[in-house]
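K.L.:
Spelled out, the chains give:
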Amino acid sequence: MQKELKQKRRTVLAENAWTTQTQFRTMCALPLFLIILFCYVPMGGIVIAFKDYRFADGIFGSRWNGLDNFKLFFNSDEFLKIAYNTLTINATFIIVGTIAAVALAILLYELTSRNLTKIFQTILITPNFISWVIVAYMVYGFLNPRMGIFNVFLNKLGIESIDWYSKPNAWPFILTIANVWKNVGMDSVIYYATLMGTDASLYEAADVDGANKLQKTKAITIPALVPLITMLTILKVGGIFGGDFGLFYQVTRDVGALYKTTDVMSTWIFRTMRTGSMGMSAAAGLLQSVVGMILVIITNTIVKKIDSDMSLF
Amino acid sequence: MKKKKNNLGQKILVLILSVLCLSIVIPFVLLVSISLSKEIDLARFGYSIIPKTIDLTAYRYVFKNPESILRAYGVTFTYSILTMIFGLLLMSMLAYPLSRKNFKDRKVVSFIMFFTMLFSGGLVPSYILITRYLHLDNTIWVYILPSLVNSWNVFMIRAYFQAQPTEIVESAYLDGATEMKILFQIIFPISKPVLATVALTTFLAQWNNWYTAMLYIDDEELISLQYLLQRIMENINLLKTMQGQGMPGGDISMDIPSETVRMAMAVVVAGPALFVFPFFQKYFVKGLTVGSVKG
Chain A
5 MQKELKQKRR
15 TVLAENAWTT
25 QTQFRTMCAL
35 PLFLIILFCY
45 VPMGGIVIAF
55 KDYRFADGIF
65 GSRWNGLDNF
75 KLFFNSDEFL
85 KIAYNTLTIN
95 ATFIIVGTIA
105 AVALAILLYE
115 LTSRNLTKIF
125 QTILITPNFI
135 SWVIVAYMVY
145 GFLNPRMGIF
155 NVFLNKLGIE
165 SIDWYSKPNA
175 WPFILTIANV
185 WKNVGMDSVI
195 YYATLMGTDA
205 SLYEAADVDG
215 ANKLQKTKAI
225 TIPALVPLIT
235 MLTILKVGGI
245 FGGDFGLFYQ
255 VTRDVGALYK
265 TTDVMSTWIF
275 RTMRTGSMGM
285 SAAAGLLQSV
295 VGMILVIITN
305 TIVKKIDSDM
315 SLF
Chain B
599 MKKKKNNLGQ
609 KILVLILSVL
619 CLSIVIPFVL
629 LVSISLSKEI
639 DLARFGYSII
649 PKTIDLTAYR
659 YVFKNPESIL
669 RAYGVTFTYS
679 ILTMIFGLLL
689 MSMLAYPLSR
699 KNFKDRKVVS
709 FIMFFTMLFS
719 GGLVPSYILI
729 TRYLHLDNTI
739 WVYILPSLVN
749 SWNVFMIRAY
759 FQAQPTEIVE
769 SAYLDGATEM
779 KILFQIIFPI
789 SKPVLATVAL
799 TTFLAQWNNW
809 YTAMLYIDDE
819 ELISLQYLLQ
829 RIMENINLLK
839 TMQGQGMPGG
849 DISMDIPSET
859 VRMAMAVVVA
869 GPALFVFPFF
879 QKYFVKGLTV
889 GSVKG
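Protein sequence lines, in the order shown, are assigned to chains A and B.
Just so you know, the first sequence maps onto residues 5 to 317 in this note's numbering.
Just so you know, the second sequence maps onto residues 599 to 893 in this note's numbering.
Everything hinted at is true.
In silico DSS-like cross-links for lysine-lysine, where the CA-CA straight-line distance does not exceed 25 Å:
1) Lys240(A) to Lys884(B)
2) Lys609(B) to Lys222(A)
3) Lys699(B) to Lys10(A)
The hints are simulated quantities; they were obtained by calculation from the structure and are not laboratory data.
Isolated chain A, as found in the complex:
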């Protein structure tokens, strides 16, 4: 009986081998077509970075200009500024964001009432469901030059109102706070889940030894998180040249006075395209893509060496 079934299986498989492959390919065809159209065709469009793109001439009609777009971009004062902004703000996000998420996860874990944990977690995650446009409205509520909560408060203390939207130096902090506010709840979930999976007997053993809460946190809780923190941080470093366009564009309300500290690669690329410098914008975009790819490959290689399960590929 067993043998018969095996035999039957073999013949069916052999007979249908070809049609099965055709069926698989048919299923893949449409989704793959969309990927090729919207991801790969634009990759071919990178040639614009090496052309003096004119709308009337189109991609193929426009004149080649070699590396002029790149030279113009590198030689402008803009390049150093936006590269610096992109790297420093994103690095701040990684450091502050990770510390905040880990701290929050530990607090939630230490709470014994699971019902309360659930309520807190639900509230902390809500900002994840709103768009940056709405966050921008909230930030405006706090920082409005005439009526914002902060200025009302300062006035009460007898200090004059501050026009926050013309004070670029304050914005790396403001953006960091906005970023943490929106993401910390969701980010802490993954750390919290890891803590929930740690071995409870470790804590019991520590109790027997008479360890206090702080000692237990130091000796058990944090070490349990270190591998995950390391991995996620390395992986985030891979994306350090990118950044959340919505945060930088909406929350600053694209105010020109703030570009000094808030203009990053993605906002600059967007604005430059809008003003019609297609070639230079494409050149900056290509640079961003290539640097991003190299960073991801490097960070992934490092992660793979430490723990191959955590690597992306």
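We have chain A already, so just place chain B on it with the hints.
P.N.:
Here is chain B on its own, set in the frame of chain A:
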């Protein structure tokens, strides 16, 4: 003695977490509070977390001409739901063959998808493709078509399909079922958790999408909800500067309680979603902890 100390510790913990939650909630309260305030109170005292007097003028204003908001709701809901349904179908149709070890082109197709996660052509080439060659700008398709297939989601679905017992697939296969039938009648019903996660994250991303409209939509009738909100922020500013410079048309903005109306708009746009999405929280969370999706 020891228990008492623990209780105190727990109380402090609850206090800290309550303060943190308060800092999450206050910005929401602020929006609602401003929208419920009297315009004159705002001008005199500035914004406040608790309104001095509750006044519904702003909402009357918003609902007096609700056409633009309702239309934006309609547009946003339509493209979000279409992207969700067709995206789920297409992504599963790609994920399923990739989950089957006997698919010969598995490696090539995986690589084609994987590479899009590493490298992209960037904004300018996509923009030119969509506007100049595909002419998708100012159509609802520009919201949908480019967002249907997302490699990350496909890999996530595939990982889930792979984790299912192969016997089910094989026995169906021996019964002569086509691969499409196996996918939709056998694999689909047992993969609800991952499908729900992908569906909801897709829907949320589309619901909160302002970027596509900003880039590709000029037609007032086709703008998304979030972009409408972004425009209101910019437009009322425009009216205000006109008023400040005493230009003609300035008196129009005089009778718009602009500060409160703006925030009322934000509440009307954000509100309903905030009551719906948290119910599906566990699925959003699953998207994070689904684990390794590579292969």
